[in-house]
Amino acid sequence: MKDVLLEVNQLQTAFKNDKGEAVAVEEVTFRLMPGETIGIVGESGCGKSVTSLSVMRLLGSSGYIKQGNIKLEGVDLATLPESQMRKIRGNDISMIFQEPMTSLNPVFTIGNQMIEQIVLHMKLSKKEAKKYAVSMLQKVGIPRPEAIVDEYPHKLSGGMRQRVMIAMALSCNPKLLIADEPTTALDVTIQAQILELMKKIKDEYNTATMIISHDLGVIAEMADKVLVMYAGQVVEEADVYTLFDHPKHPYTKGLMKSIPHLEHDQHTRLASIPGTVPSLNQMPKGCRFHSRCPYALKKCTSERPPLLPINDSSHQVRCWLYEDQQHDSNAGKREVLA
Amino acid sequence: MPIANVKMENEAASYQKGAAFNLHEELGQEESYLKVILKKFLKHKLAVAGLVIFSLIILMAVFAPWIAPKSPYSIADEFAAPPSKAHLLGTDQVGRDLLSRLIYASRISLSVGLGAVAIYTVIGTILGAAAGYFGKAVDMIIMRITDVFMSFPYLMVILVLVSIMGPSLFNIIVVLGLLGWPPIARIVRGSVLSIKELDYIKAGVALGYSAPKVIFQHILPNCLAPILVNATFGIASAIIMEASLSFLGMGVQPPTASWGNMLTEAQSLTVLASQPWLWIPPGMMILLSVLSINFMGDGLRDAMDPKSLK
Amino acid sequence: MFQYIVRRLLIAVPVLFGVTIFSFFIVNLAPGNPVEMQLNPDATAADIALKKEALGLNDPIYVQYIRWLENLVRGDFGFSYSTHEPVMGLIGERLIPTIMLMGTALLIAYLIAIPIGIISATKQYSWVDYLTTSFSFLGISIPHFFLGLGAIYVFAIIFHLVPTGGMNTLGGPGGFADTFSHLILPALVLGTGIAGNMVRYVRSSLLEILGHDFLRTARAKGLKEFIVVNKHALRNALIPIITIIGIDIPLLIGGAVVTEQIFQWPGLGQLTIQSISSRDYPTLMALNFIAAITVLSSNLITDILYSVADPRIKYH
Amino acid sequence: MNAISKENNQLNIHREPDSPLIEVRNLKKYFPIKKGIISRTVGHVKAVDGLDFSIFPGETLALVGESGCGKSTTGQAIVQLDPQTEGSVLFEGTDLSGLSHSEMRKMRTQMQIIFQDPYSSLNPRKRIGDLLAEPLIAHKLADKKEAYKKADEMLEIVGLTKFYRSRYPHEFSGGQRQRIGIARALILNPKLIVCDEPVSALDVSIQAQVLNLLKDLQKEFQLTYLFIAHGLGAVKYISDRIAVMYLGKIVEIAKTEDIFKNPKHPYTKVLLSAYPIPNPHLRGRERIIVQGDVPNPANPPKGCSFHTRCPIAQEICKVEAPVLSGEGHMAACHFPHSPIS
Amino acid sequence: GTGGTANGGGSKTMFLGMVNPPVNFSTINSPDVASSFIEKFMFDSFLEMDGPQNFVPKLAKSFETTDNQTFTIKLDPDAKWSDGKPVTAEDAAYTFNMVANPKVETTVGSYLSMLDGLDDNGKLKDGQTEIPSVKVVDDKTLQFKTKAPVDPNMIKEQLGTKFLILPKHVLSKVKPEDLAKDSFFLKPDVTNGPFTFVEYKKNQDVQLKANPDYYGGKPKLENLYVKIMPAPNLAAQLQTGELHMNVGIGIGKIPPQDYKRVEKLDNVRTKSEKTIGFQTMMFNTEKIKDAKVRQALVYALDRQKIVDKLLKGYGEVVDGPYTSVSPYLDKDLKGFSYDPEKAKQMLKDAGWDFDKTLQLVVPIGNKVREQSADIISENLKAAGVKVKTTTYDFPTIMQKGKAGDYDLLLMGFTFTLDPEISSLYSSSGAYNYMKYSNPKVDELLLKGKSEPDPDKRKEIYSELQKIWDEDMPIITLYSDDDFDAISKQVKKGEPRVFGFHKDIVDWSVAGAK
Ligand SMILES: Nc1ncnc2c1ncn2[C@@H]1O[C@H](COP(=O)(O)OP(=O)(O)OP(=O)(O)O)[C@@H](O)[C@H]1O
Ligand SMILES: Nc1ncnc2c1ncn2[C@@H]1O[C@H](COP(=O)(O)OP(=O)(O)OP(=O)(O)O)[C@@H](O)[C@H]1O
Ligand SMILES: [Mg+2]
Ligand SMILES: [Mg+2]
Ligand code: NI
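Order-wise, the sequence lines are chains L, V, Z, C and G. Residues in the first sequence are numbered from 1234 upward in steps of one, following this note's numbering. Residues in the second sequence are numbered from 231 upward in steps of one, following this note's numbering. Residues in the third sequence are numbered from 2 upward in steps of one, following this note's numbering. Residues in the fourth sequence are numbered from 705 upward in steps of one, following this note's numbering. Residues in the fifth sequence are numbered from 17 upward in steps of one, following this note's numbering.
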């Protein structure tokens, strides 16, 4: 077995607010191998971005990692001093954001923003850095990179800007690339371009990737394995084929059914998950999904299910329905959390 | 249209079953917007402090005749006397009880500050909203008028208006009110321009609402924040402005006291260095009321910010 | 860009025209008249009549306005009613000191306001924030004359650091250092007054920017927080801050009256007050005209600065 | 198309069968680009450049296409939020541009619009009850009491409860807000509703709820929809016919099944192929990925506007703009039958 | 050290502090006291009055008359213009003619109104350019004749001490109508006084330089600066040593609230002097018709309190236009002491309507006067009279005063030491805002003006003062003293109410410490 690149263990992240704190990510655990792509899906507000920002340690002044650890090649990022962490950001771990329109600083040129990072981490001279930036732009398929490098972001279309973001993210050869909804803001045809580019890049650089999306299509297209999140928790983890073929968690099942497939018959009703996602300050007791779950048991309303593998496979699920197929090898840990 | 009782199988069911718990919670806290604002506001510690202080000042102004220990005009034997038992804050340069004057002055200064700002905020808001909403020629004309007003010989206009109308508290308020609107108009225009593009305004038009209804009921309530900020600053400037008007004999007329003219009267090195009781109290009052208004404004703005309510 | 400027200038013409008409009538409507202010107690009726005639005050007001306008077009502001100097010279000799004072005051204001604004924005709702807010209100709550006298008392009288007023040491060596020592106190007084207001602007515009996505990008690159705030955020926050230069410059022209007086600084503010109190119409008109031009051009300049600070804005 | 609207024709016997509810003729909307000293108009963004289509009572016409191709502009022109530059919109045969302000205001009760963003389409400072009752009161269709009663009923209809009436928009989730937006559009009992991407901003699980709701309401109230979207999945589910737009023009219009089964225009093919299918087994499938961005609508390419990105473009495409042709299934392409790989 | 940082002038430079900025240096057309004050450093008057009616020669070696009608002025034979040309009688005659020329804008025209051959306004008839009664006897001798015999003191004070002559050889080419605007008056470069003009920086300072060829001897000071500053700064600059003294005389007054502070400074000494200036309250006699009411209102005023408290004792209460400096003050007048009870009684007796509100109109610009208005209105209120105070700037006040748009009006005056005061009390007087008209007074005023014998004049003015007390059209509130501070560095020289410029050549300062 290869060395694990990233290991996130029982991550819990919270934000301070006037009422005390709000736990945005309750329990996230996963591992990522070099070159592997993990997809995270889930509804808006379920904590996908917070998870990725926790890895980057970019939670802002009010957010903090409450529990758990994040090990990058064995180094725990959760407790790393800020100055060390800065050396990792943009260098070992890079990130692409959802909104290419607003993720670039409008008052600096593309080159300026790229060079800043290259100079910082690769210790090149400005001139070399610029050359390098141009070559990176070329790699992500930007036409006329020599000219574009001196342009301001507003001159570029959304797709182009996302390419710039990718070029920027890759410029320091990161070990891990985090892409938080990289195509949500883009059109279908442009989305296809970007996804294609990301695949190509991944093959070329063998970068481990964390791709976050609520579009199951994108996940199906890109991920090797998938985390399904609901209300701050990972509710299911499986490799991509297993997940799409045999979803276990009622939420995942509901999700799968409610997507209007192209091959879907027009005259049958769409299935949908009733109700809405509970808000952070009104989390139901027990299983967080129980209020919307068609299969909810009595136990679901009071006891919180653990995330456990089914039949010792790599397929993990957090649901009492599968209690008998799971055995709890992590009982100790669960106690702590409860 | 006969509204039939449509059965929304999936959803209706869900709301009975799934959302039941949500519903109860939510119905329990069915609150009016005002209450929500009030609650938010009361959480803002400084805002509450501001409210308390400002209310005290208002009370002081309203009940001045009952609170003031002496008449604010009667002249004692000691001029510019330091604080003593007889005169808690001392006497001014004409031998009047400073504490009493300070208390009475709050009536004048607050009326000037609040009155003038109220007037120009209304004017500026209406003009700015009209310019922003209707655009084109209306915008062009209003903005040019704003330019003209902004490049006006301020002092001269005040001089003329006041001398035509006579320098009285009311007229000062009116004049300051008539001249202060251009910045507000610009701010409101800017906000309206951006809010006008929002979908809920378009929805209003699509629903066939008339222009005044859209402007006053839908657009303006949503650009309160910048107006509020400007107004709190405006109150301070109006209070100070009144004082500087007395330089030209156009301020509040003697022997009436305002915080501004109490400060102006103390314009002397001797007073500054050795008679601090003449200037610290009015200065403090201005600062205190302006600060309390500002903190209240901050609190109110935060409380009314829909984002903060989410 | 050039076209844009030309267009703006063309739009400014009717505005200027409006301002001159309004101010001419306002000035003439002001009670009192210039002739009386120029005669001493023993003046005879003939002297008064002659003066009135000489000043053209017997003509109908619109005739006077047209005459004024004609002269203006020829670049002539006329003669001061009180000193009999050409108004152009009268204003000219005060323009430099005014600009000097204004410029320094603005500079000081920015030097004070920007760092304080940054601190209070990045530490929003902390005690530092509340403290700076209170100080900024102190800045606008203290009348300038008071701040001025206080500054004189402390810096000139107690510590003898600077002279109490004037623009140069009389009979002294002159030169930059000398002028600077006279300039610093009034500029400081004026500057802190403006800074009070400005801190709030800097704070709020920075707060607005601090929530933007691109700052997260900058942090994700591994940049230091200092650079994130002072390079990436501040540069964007500058744009709204520029607006207030446009608001402040006109205020400074008129608003420096008191400061100029207390520090005997020979600026336009003093001239304004004097002209008002002697009803010196030509000088007042010229001052109004210049004020209007300043307002309009500072608006234009801020708009141009906008496009310099923000590459997204391009004027055509 | 008649299979679908049969039911409606029976219900609305007073209406001529097959006469369109909305007829759009040569609709053009140009936004001026201003320049120069006196802001002379030096050019136009041809946001919508000559659309012709009809929507029949009770049917749903979907409008799909990339961002900026003019979908919203078309929608807003139809409800006259932003009147067209040229051409006409006929509502039940009445030319809307010929109406006076007050006539138009009355006409607005007949057609409504639902916006994409549930967060910006509700006034944050108005209670839900007021939001819903206001239109009735403004049009004097009901007195206050009745209006609020109707608002309550409407809330129930869209699957909320009347107890929500005194709450504010911020207290609702996106899906709930979209329901409120739908309720607001419905309360005036309109015949036509323009849905401008009503589900794009919603979560997957909520999307389905809203789509189902829209469909149910259509059945119940014989509504006619113009459904704007860029997600093909939702469109497939809700629409009877689909119009595919590219750069301000309709490039293909046909019944939904036809579009999906037998797309003619290469752009439609590209769209279908680019749509990410939530099935990992289909990962390796052949996909057409066109290069480049949508051209600037201020300066659209000559000839066929898609030729710059079209994988099968020929010389003729660069010179001659194809016209929309075909019976029932219309496409604007010189080579509608060429396969693409 | 004190002063070391403040001025760079060394021991031959003096700094005077003044509040009112001079307007211009047009000797025949300057409207204000500050301008005249500066002009007199550069231009000599014929005479200098160094005490009440005590005249000493200056530019004139002698200023004589035998019949009180024909006056002969002999100019100092050594007197020279600063360009070396001698000062001649031609220069004087030229100046007389110019002032009398109806085309010349002037503010000193009234000084000539008594000259024979001129109209009542002191102007030449149309077409004339020379005053027939003014004769150039020889290079240094000028003779003129008045319409009738007059008190020579009056002529000496007006023409002698206030009338400054111009260099004919410099200005003769200037057309009369352009004279006022001539740049000579902005930068007078040919002068005849002890100091010459260097520079006037507006609102900052006037710089003067010793005239080495001055006929009265070269001044000991080399440079003289008159600095202009707001009154509160006088004390500060005296303290820092940036000033050697304030100029006093109404244009450089230290604010009374600073008196104590200044007295305590150890680098200056102080002095005070009575003046002829006085502050008044005018009654609009058309609105307050009853003289008894006006008297009653005066009884209600606690003027002594104003002097004691506001002026810190540096002032006096007088009842008429003549202060204790004036030889014409009738010391036997019984005066009006503060008596609120009496005031009330008198008002009642006069049938005063106690519901009526009097408009007290106050010009701004004089802090003490504004403060005194507060005391006055309190005093009147105590007597049961309702008062509403309104303040205006000066031009507005002039308009309101002229239009009679007031009930009570505060105003200050400084006339001449000569008792002639028609402009205030005569029914046609320019400052008779009271609309006071008493034929007896008009007659007596005329008589007083044309009576050459000082003793007889005194009788006339005593009678007038009695009538005025009876009629009470205007009451003098107080006359404030000149309170001056002089740096201890000054070896010779101090501000003076009379004859400020008299021995200016001898003024000197010790070097900086
Ligand atoms: N800076 C913050 N302060 C307080 N709460 C936050 C902050 N950032 C996120 N949250 C909360 O944390 C929860 C998870 O947010 P997150 O952004 O991770 O959701 P997401 O899954 O990325 O959703 P989306 O699909 O909308 O991006 C949300 O309830 C959000 O309100
Ligand atoms: N008010 C306007 N002024 C100028 N141009 C406009 C205006 N509104 C829209 N446009 C332009 O018209 C074109 C069509 O815009 P429209 O909003 O209709 O696109 P859309 O198809 O709805 O796109 P999206 O999917 O992003 O909503 C775009 O190029 C847009 O930039
Ligand atoms: Mg997210
Ligand atoms: Mg759109
Ligand atoms: Ni079918």
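Calculated from the structure, these hints are not laboratory results. Possibly wrong hints are sitting among the right ones.
Unchecked claim - Going by beta-carbon spacing under 8 Å, a handful of chain Z positions derived as facing chain G:
id, residue
1, 32
2, 46
3, 158
To be verified - Heads up, simulated BS3-like pairs for lysine-lysine below, C-alpha to C-alpha not over 27 Å straight-line:
id, chain 1, residue 1, chain 2, residue 2
4, V, 273, Z, 225
5, G, 482, G, 77
6, V, 366, C, 738
7, L, 1363, L, 1249
8, G, 482, G, 321
9, L, 1320, Z, 53
10, C, 919, L, 1486
11, V, 315, G, 321
12, V, 300, G, 119
13, G, 290, G, 308
14, G, 287, G, 28
15, G, 402, G, 303
16, G, 303, G, 287
17, Z, 232, L, 1360
18, Z, 232, L, 1299
19, V, 315, V, 300
20, V, 265, C, 732
21, G, 163, G, 472
22, Z, 53, G, 178
23, G, 360, G, 178
24, G, 350, G, 290
25, L, 1531, L, 1490
26, C, 866, C, 848
27, Z, 53, G, 372
28, Z, 124, L, 1249
29, G, 119, Z, 53
30, C, 866, V, 265
31, G, 90, G, 518
32, G, 321, G, 372
33, G, 178, V, 300
34, C, 895, C, 830
35, V, 315, G, 276
36, L, 1364, Z, 225
37, G, 141, V, 300
Glycine included, each C-beta is placed from N, C-alpha and C at the ideal position.
Need the status of pair residue 919 of chain C, residue 1486 of chain L: alpha-carbon distance at most 27 Å?
OK: residue 919 of chain C and residue 1486 of chain L at ~23 Å, within 27 Å.
Has the given pair, residue 287 of chain G with residue 28 of chain G, been kept, meaning a C-alpha gap of at most 27 Å?
23 Å, holds
Just to be careful, I want the Cα atoms of residue 90 of chain G and residue 518 of chain G compared with a cutoff of 27 Å; is the pair within it?
Distance ~19 Å between residue 90 of chain G and residue 518 of chain G Cα, so the pair holds.
Residue 290 of chain G paired with residue 308 of chain G [C-alpha distance capped at 27 Å]:
Not satisfied, since the Cα-Cα distance of roughly 31 Å exceeds 27 Å.
Compare the distance between the alpha carbons of residue 1531 of chain L and residue 1490 of chain L with 27 Å, and conclude whether the hinted pair is satisfied.
25 Å, holds
For the pair supplied as a hint, residue 321 of chain G and residue 372 of chain G, is the alpha-carbon distance within the 27 Å limit?
Between residue 321 of chain G and residue 372 of chain G the Cα gap is close to 26 Å, so the pair holds against 27 Å.
Given the hint that residue 232 of chain Z pairs with residue 1360 of chain L, test it: the Cα-Cα distance must not exceed 27 Å.
21 Å, holds
Check whether the Cα positions of residue 178 of chain G and residue 300 of chain V lie no farther apart than 27 Å.
52 Å, violated
Verify the proposed pairing of residue 895 of chain C with residue 830 of chain C, using a straight-line Cα cut of 27 Å.
Given pair residue 895 of chain C, residue 830 of chain C holds - Cα atoms ~26 Å apart, limit 27 Å.
For the pair supplied as a hint, residue 482 of chain G and residue 77 of chain G, confirm whether the alpha-carbon distance does not exceed 27 Å.
40 Å, violated
Is it true that the CA of residue 315 of chain V sits at most 27 Å from the CA of residue 321 of chain G?
Cα-Cα ~23 Å, so holds.
Checking one constraint from the list: CA of residue 402 of chain G to CA of residue 303 of chain G, max 27 Å. Satisfied?
Satisfied, since the Cα-Cα distance of roughly 15 Å is no more than 27 Å.
Figure legend: structure checked against the earlier numbered hints; hints not met, in rising order: 4, 5, 7, 9, 12, 13, 16, 18, 20, 23, 27, 33, 37.
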